[in-house]
Amino acid sequence: MSILVGRETRLLVQGITGREGTFHAQQMQAYGTNIVAGMTPGKGGQTALDGTVPVFDTCSAAVRETGANTTVIYVPAAGAPDAIMEAVGAGITTVFCITEHIPALDMLKVMPVVQAAGARLVGPNCPGATSPGRAKVGIIPATIHREGRIGVVSRSGTLTYEVVQALTDAGMGQSTCVGIGGDPIIGSTFIDILELFKADPETSAIVLIGEIGGDAEELSALWKTANIPDTPMVAFIAGRTAPPGRRMGHAGAIISGSGGSAASKIAALEAAGIHVAESPTHIPRLLQEIGVRPN
Amino acid sequence: MSILVGRETRLLVQGITGREGTFHAQQMQAYGTNIVAGMTPGKGGQTALDGTVPVFDTCSAAVRETGANTTVIYVPAAGAPDAIMEAVGAGITTVFCITEHIPALDMLKVMPVVQAAGARLVGPNCPGATSPGRAKVGIIPATIHREGRIGVVSRSGTLTYEVVQALTDAGMGQSTCVGIGGDPIIGSTFIDILELFKADPETSAIVLIGEIGGDAEELSALWKTANIPDTPMVAFIAGRTAPPGRRMGHAGAIISGSGGSAASKIAALEAAGIHVAESPTHIPRLLQEIGVRPN
Amino acid sequence: MKIQEADAKSLLAAQGLPVPPWTVARDPAAARRAAERLFAEGADAVVIKAQVLVGGRGKAGGVKLAKDAAEAEAVASRILGMDIKGITVVKVLVAPAADIVKEFYLACVLDRAARRVLFMGSAEGGVEIEQVAHSDPDAIRTIHAHPHLGLLDFQARWLGFELGLGAHLKEFVAIAKGLYATMIANDADLVEINPLAIVRERAADGTVSEHLQCLDAKVTLDDSALDRHPGLEALRDLDEEDPVDVQARHEGLSFIRLEGDIGCMVNGAGLAMTTMDLVKRAGGQPANFLDIGGGAKSDKVAVAMGLILSDPSVKAILVNIFGGIARGDEVARGLVEARAEQKRVVPLVVRIVGTNADLAAEVLRGVPGIEAASSLDDAVEKAVAAAKAAA
Amino acid sequence: MKIQEADAKSLLAAQGLPVPPWTVARDPAAARRAAERLFAEGADAVVIKAQVLVGGRGKAGGVKLAKDAAEAEAVASRILGMDIKGITVVKVLVAPAADIVKEFYLACVLDRAARRVLFMGSAEGGVEIEQVAHSDPDAIRTIHAHPHLGLLDFQARWLGFELGLGAHLKEFVAIAKGLYATMIANDADLVEINPLAIVRERAADGTVSEHLQCLDAKVTLDDSALDRHPGLEALRDLDEEDPVDVQARHEGLSFIRLEGDIGCMVNGAGLAMTTMDLVKRAGGQPANFLDIGGGAKSDKVAVAMGLILSDPSVKAILVNIFGGIARGDEVARGLVEARAEQKRVVPLVVRIVGTNADLAAEVLRGVPGIEAASSLDDAVEKAVAAAKAAA
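Protein chains in written order, with this note's numbering: chain A, 1 to 295; chain B, 1 to 295; chain C, 1 to 391; chain D, 1 to 391.
Calculated from the structure, these hints are not laboratory results. Errors might be hidden in some of the hints.
[What the hints assert, rightly or not] Restricting the straight-line Cα-Cα distance to at most 25 Å, the calculated cross-link-like pairs of lysine to any residue (SDA-like) are:
1. A:K109 - D:L149
2. D:K280 - A:H282
3. B:K43 - D:D205
Just need the whole structure built from these sequences, with the hints factored in.
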């Protein structure tokens with residue numbers, strides 16, 4: 001098993017002929033991800049990745065011809081909302097949108113279309129997901145992973161790499177690592193991913209990497225108490241020292257009034273019995289303290 | 001039992017303070033329909049029907065205060081789409097829209113909102129529904145009915161009355177009589193209503209009254225064969241002699257090209273074993289021929 | 001409401017769609033002047049097209065090319081006055097003849113069953129879509145617009161690729177979205193471009209390029225929405241409308257003149273059609289379809305009677321009213337008033353049931369020339385007999 | 001992006017919302033002239049409001065009434081130059097003082113969790129909504145706009161009735177829908193009117209009437225959407241922006257100046273925050289938040305270094321790069337280039353891991369003044385120590 005991506009993933013790459021799309025498609029394929037199709041309007045009939053992957057003009061043609069069930073989107077912000085809707089319209093059920101700087105109101109319009117199609121969107125502005133040893137979709141570096149049973153979910157990009165590297169260095173492998181993105185409007189929340197981990201028999205502990213802004217961490221804490229009280233879980237929150245009212249890079253990372261502060265999040269997580277690490281490098285030790293062993 | 005309306009109906013009347021709304025609310029109440037609330041923005045706090053029915057400014061207040069579960073809309077075309085969305089937004093699950101001349105593109109926008117709310121819309125531009133002896137919602141004259149076991153569904157208004165009167169005159173009572181309306185875009189199709197009749201233990205025969213235009217009768221014939229092959233069913237189709245390309249009153253009643261002709265509908269119905277009457281007055285006799293007895 | 005090609009083109013052009021220039025001419029001299037302008041602007045030929053609201057004008061000889069202005073005048077004078085399916089041609093459209101590389105069909109239409117706007121495209125343009133649907137259904141590609149977001153970019157691209165318009169994709173996407181915009185802006189039921197064509201254009205410097213152009217257009221408007229588009233009422237072509245239809249519309253009556261001799265006055269569209277059907281079944285010929293609507297008052301009934309009697313072939317009138325919202329006594333009073341005022345007296349068979357039918361019977365009792373009928377079948381038989389007797 | 005009250009009012013007025021007239025004055029004389037015009041037009045008093053992008057200007061004394069033009073000038077000269085939460089007031093808004101009957105709060109805002117636009121209204125206007133949320137949460141009424149159809153009429157009516165605005169319902173519905181239109185037209189994250197007020201107006205003939213007016217407005221724009229609204233970039237208030245922030249934005253860097261002495265250069269917002277947090281935890285004080293972004297090239301790194309060093313309080317710099325899209329050697333080269341060009345030399349602690357970390361190590365090997373660090377904790381400790389040593 002694993003969640004979101006795995007051996008059953010048949011991946012379409014939207015924007016495969018662009019600079020980003022080409023580079024990351026190579027990386028994903030090299031990792032062993034089963035890339036079955038690329039898509040760029042007007043480049044249908046060409047091939048990508050040294051002739052191994054057919055390119056289509058439309059998602060529906062790509063799905064029809066290759067049975068793609070998952071897509072990853074590397075198209076610019078102006079076209080990304082349409083790309084998401086095209087993917088779900090073609091019957092793709094798992095969509096990763098890597099694109100950043102998509103206007104929030106565009107995402108408000110896209111979400112009901114995704115939901116009506118019964119699809120799952122991860123992102124936008126997310127690094128994707130890797131199930132170590134199985135498949136990697138997105139832009140997470142391949143080298144940081146180790147196969148194992150810890151599920152990692154994060155709103156961040158490089159901070160996730162830092163944490164995953166720390167886990168791997170400590171011999172603590174991962175089932176799946178998921179970056180959900182730092183934008184205000186995202187397709188999958190912490191809780192959406194936690195639900196998947198709950199249902200995954202190969203995930204036995206969870207690391208949640210949050211940051212200031214919004215209340216996703218607080219809601220996750222409540223959800224953990226109600227749904228997976230016995231699952232070992234450790235968290236990290238970035239932005240303990242961030243000043244209020246300033247957007248810390250991510251559009252979502254802003255403390256407004258009393259809402260969204262690291263203190264509020266840490267208090268909620270600890271109240272749910274989730275240990276909160278003070279540094280990413282402390283996470284492996286905290287996991288060991290609650291009984292999670294290296295593998 | 002019965003379908004759509006009955007003793008369990010708790011009716012809200014939207015536009016109760018208008019001329020049409022007042023008149024028909026009186027008629028419905030006189031029939032025994034349980035009218036629990038009226039609604040007209042700006043008239044909240046007043047009462048209607050000689051002080052027996054409270055009037056509210058909003059549907060949500062009406063539902064909260066009275067537990068209304070059904071609504072009938074008598075507001076002008078410009079406000080009717082909004083009235084439908086307000087009703088379903090307030091949690092009402094059965095909506096009858098009597099209003100005529102609602103632009104079709106407005107209805108296209110409204111329908112997904114109705115569906116997302118899990119509600120059922122009958123109409124617009126429909127006469128409503130009566131479950132004889134139980135409740136009457138809409139504008140169908142009270143006098144034509146008789147309690148019984150025949151379900152009547154129709155795209156028409158006065159033609160329905162003609163048919164129902166003929167049934168009543170022949171001693172053949174009805175479970176529920178439903179007018180779905182003659183507009184091109186309507187909330188409930190023949191098949192939607194047939195499904196309800198199928199599930200209603202008190203409906204044992206069905207009369208379907210169609211007319212030229214569209215393919216609803218053809219689809220109903222196919223549905224009957226697949227779903228209720230043994231239910232006695234008689235049909236009538238108006239417009240056998242209508243010239244092609246002219247709109248016969250109803251916006252939906254138009255033969256375009258080879259589509260929508262009475263001949264096509266009659267052929268499909270007969271192929272499904274449904275007898276098609278040549279005159280409304282023949283319907284009782286055809287019903288008796290297939291074993292439906294007066295009650 | 002149907003509108004003429006020229007008006008349809010105006011609506012498309014207003015949404016930014018590429019429509020070649022055109023002029024409407026009501027006489028051959030005006031057609032000649034229009035042609036002269038087009039030849040002066042570099043046209044190699046012009047096309048003269050009858051402006052009628054019925055299909056099949058090409059087959060009927062209502063669309064012709066002309067190589068010079070004199071020929072344009074001659075062609076126009078042949079087309080003007082022509083009868084096409086009962087309509088006399090009173091105006092022609094004059095446009096440059098396009099150098100067509102390939103023709104396509106593109107339309108958006110209200111899809112009742114799906115409750116969506118349906119886009120239909122075909123690489124077999126220039127012919128009736130019903131014909132393509134019959135001979136080669138697979139040639140028609142369809143997609144539903146999103147009910148709230150409209151035709152999405154990817155849907156437009158998909159349709160373009162399916163039609164083999166990959167080389168003109170950007171133009172095609174703009175046109176397809178423009179079709180939807182035209183539909184929404186005007187509350188249309190149908191917006192059709194046939195043909196949508198790749199045309200070859202030679203620039204002043206001699207370079208040749210290919211573009212998509214909307215060479216013919218058909219738009220049907222939603223009558224229920226005309227109120228909120230006051231400007232569109234002006235596009236109603238009174239040239240082709242029976243003055244009786246115009247009057248009926250102004251009175252809020254739904255009236256269609258037919259070929260027979262039995263005038264029909266009914267409340268409700270379904271019942272009105274049924275009454276016509278029964279007249280025919282009984283061996284009579286209905287002279288009209290007439291739905292006087294739900295809450296018809298006596299004055300409306302009198303107007304309706306006038307409309308029916310304006311047709312000299314009417315030999316008898318059948319009134320069939322099932323009172324619901326409509327009150328029988330109101331209708332009866334209207335009939336008596338109308339009878340009192342009318343010049344021409346034809347037999348009147350009246351059947352009124354439902355709300356206030358008893359009061360109606362009282363009003364009608366003893367009025368000369370009015371024959372009461374009990375049942376619908378009875379009324380139809382009496383009307384048919386009366387018409388035959390009067391013939 | 002935050003914009004000033006006056007600009008927010010312009011955006012509202014462009015959507016047809018009722019906003020009283022205003023003038024922005026950058027000196028007391030201009031404020032006096034604006035006040036003179038308003039008094040000539042019949043104002044009984046004017047209000048002078050500091051234009052700053054921080055909240056709480058009222059409490060800080062930045063909003064005052066004036067009864068005549070001379071007082072307006074005096075008030076303006078007191079407010080101009082005032083320091084409000086670290087911002088020096090350089091302009092004031094002059095508007096007629098309204099005769100307020102009752103104040104309300106109305107806003108639409110992006111609701112992340114619900115993925116909808118949330119409308120919030122309260123009959124307790126004129127105060128901070130957070131305060132109302134704390135003291136009397138039931139006083140705030142909320143409703144989500146439809147994600148595709150926007151704020152529906154019935155939703156606007158509902159909100160109006162809930163706020164007790166039944167007597168002004170039509171006005172309220174227009175304003176609420178105008179708020180949504182303002183949000184959509186400008187890709188705003190927040191459109192707030194506080195207070196929305198019933199104001200009493202005396203007409204020339206002495207009759208008194210009551211209307212709704214938008215007396216104050218706050219709009220926040222979505223930075224990700226500024227590209228498609230070229231006109232809105234002009235609303236960015238450079239008066240209140242640190243020139244370093246402006247430069248960072250032009251370079252596509254996410255930079256926030258803080259109070260400390262340890263400059264931070266990190267790739268990724270979450271990791272940049274974490275680095276700051278760890279510096280503080282180790283006893284140091286970060287001088288900035290700086291995210292150089294995903295695919296930073298060497299020239300961008302050099303610019304980032306310049307930004308950090310433009311702050312004279314910076315005593316040491318911590319570079320923390322986790323190569324993914326970013327390639328470690330590119331960053332390393334940028335650091336070496338920057339070091340070569342910079343005038344001021346401060347200790348540089350560098351930790352580069354991930355993609356091409358080995359190449360980066362080679363580039364940095366032997367460059368003077370650069371201290372390599374292996375782990376994040378190690379890098380932070382070294383940077384804090386370096387800053388303390390330099391202090």
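To see whether the hints hold, each was checked on the structure:
Pair hint K109 (chain A) plus L149 (chain D) holds up; C-alpha atoms about 10 Å apart against a cutoff of 25 Å. Only pairs whose Cα atoms come within 25 Å are accepted, and K280 (chain D) paired with H282 (chain A) is accepted, the gap being roughly 16 Å. Under the criterion of a C-alpha separation no larger than 25 Å, the hint pairing K43 (chain B) with D205 (chain D) is inconsistent with the structure, at around 32 Å.
Comparing the model with each earlier hint shows a violation of hint 3 alone; every other hint is respected.
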